[in-house]
Amino acid sequence: MNQRGPLDRVERIRWPTLAASFVASAVLMGAAGCGTIQGPAYERPEVADKPQWSHLEGREISTSEVIQPDWWHGFGDPYLLQLIQRAIDQGLDMRIAALRLDRAGIQLGKDRFSQTPKLAVSPADSIARGKSNNQKSATTRETESLGAALTWELDLWGKIRKDMQAADARYRATEMDWRGTQLTLIASVAERYFQIRQFDEQIAQQVDSKRQAEQLLDIYYAQHKEGMVPETRIRSQKAEINGLQNRLIELRRGRTESELKLATLLGVPAGELSVPVGSLRDSVRIIEMPEVLPADVLARRPDVLKAEYNVLQAHHLVGKARLARLPTFSLTGAAKTGTSFVSTVINTWTFGLAASWAGLFDRDLKIDVKLNEADVRIAREEYRKTVLEAYEEVEIALVNLNARRQQIKELEAQVADLQVVRNVQDARLREGLVSQLEVFDTERTLLAAQQEILSMYQLVLTDTVTLYKALGGGWESARPGVEPKVKVSQSEK
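If you're matching positions, the sequence shown starts at 1 in my numbering and goes up one per residue.
Read the hints as simulated data drawn from the structure, not as lab findings. Don't take every hint at face value.
Said to hold, decoys possible - Simulated pairs of lysine-lysine, BS3-like, Cα-Cα distance not exceeding 27 Å: (1) Lys385 x Lys370; (2) Lys238 x Lys210; (3) Lys225 x Lys238.
My request is simple: use the sequences and hints to build the entire structure.
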């Protein structure tokens with residue numbers, strides 16, 4: 001008599017039923033069309049072509065030929081470089097963006113687990129006590145068992161693969177957020193620094209103008225003692241000095257405010273950052289832009305790339321929703337010990353192939369397909385809008401740069417003429433040949449023109465930063481279909 005061992009208790013697989021499921025699935029795939037069941041292949045949304053910029057002409061070149069990764073070095077200010085590096089290393093905006101990218105990476109790793117088998121272990125320990133009618137004593141029975149189950153869904157139609165492609169696009173979109181945060185932070189630090197340097201030079205001009213006004217007041221005092229000028233001229237000059245002092249107070253307040261805001265960008269408590277006094281035109285040089293600029297902005301701007309990855313994610317989710325309605329097939333296995341898992345390793349085990357048709361008749365899944373298709377249409381329009389806004393920002397930056405460079409030349413010519421007029425008036429004023437009103441008008445116009453030059457110089461620098469930002473900085477292409485280089489987040493450095 002043959003005895004069965006513990007591994008002989010095997011549940012037979014119902015192959016005829018599973019074979020029928022495969023045949024039915026094949027018929028369904030043939031009827032629906034194997035190539036279109038998950039939807040059409042991804043195509044980049046159509047946008048208006050931009051072969052070149054309207055204010056520039058020349059050969060087509062790539063961004064890498066014009067914009068270096070550390071383009072802000074072109075301003076030639078070592079202190080500005082220190083501030084930018086400090087903001088990248090310590091700024092809270094970068095830390096938050098890096099942590100979000102880390103979280104997205106963790107989520108991507110979790111999503112990849114859907115491609116692996118799922119294992120469940122369930123230990124059990126039970127004690128049963130009973131008493132029969134024909135026995136006076138009670139009986140006690142203690143059982144121990146350990147069960148394990150393994151399930152692995154077969155990705156026959158590519159649903160899991162679609163889910164992973166959507167998850168990867170979502171991660172790439174988060175990476176573009178990280179890129180955009182760094183680009184925005186660099187631009188913000190540079191703009192705040194330019195403002196501080198502009199205030200420094202304007203304050204110096206204001207102090208110089210106030211000193212000249214006080215010297216003129218001393219002359220009026222001397223002339224008044226000799227009866228050459230009335231007291232009203234002295235009072236008028238004092239009023240002029242008061243106005244200059246009021247403007248000086250406002251300039252110093254503005255500098256302090258910009259310094260406080262810069263501290264926050266660097267991750268420093270407001271009030272604990274002290275920027276040494278300097279001159280804008282002596283510290284920061286204007287970057288001479290090349291005669292031609294690249295038009296491949298769509299492959300480098302983080303916000304445009306994020307918008308396209310959003311389109312790609314929505315596209316893959318449509319495919320996933322379509323495939324979710326098809327039958328699912330899973331390999332299943334289970335093993336269980338006997339009355340004591342200490343003495344018996346495996347008592348019974350089963351292996352099978354399970355099929356489910358529930359999704360075919362699920363109305364919610366059908367609606368999910370429509371919802372995801374609507375998300376694709378929305379994402380495509382948002383992408384087109386982002387592209388048009390990118391074109392607009394570049395064109396406006398170019399217009400502003402061209403106009404303000406011309407304005408600086410006109411203002412410099414105006415200042416040169418006014419300085420000649422002022423020197424002549426100063427000499428004639430001491431001789432009493434010109435009125436005080438004429439001197440006031442010339443001084444005000446000269447000071448206003450000098451400060452307007454500073455404002456234009458600062459705006460040229462800011463517009464240069466805006467242009468680099470609008471062109472996507474020095475980032476390399478990361479469009480779908482082009483494998484980007486792996487970026488290391490700030491928390492990993």
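We went through each hint and held it up to the structure:
1. A distance of roughly 23 Å separates the Cα atoms of Lys385 and Lys370; the hinted pair therefore holds under the 27 Å criterion.
2. Note on Lys238 and Lys210: the hinted pairing holds, with a Cα-Cα distance of about 11 Å set against a maximum of 27 Å.
3. Taken as a hint, the Lys225 and Lys238 pair is honoured in the structure, with Cα atoms around 17 Å apart against an allowance of 27 Å.
Every hint, counting from the list given before, is met by this structure.
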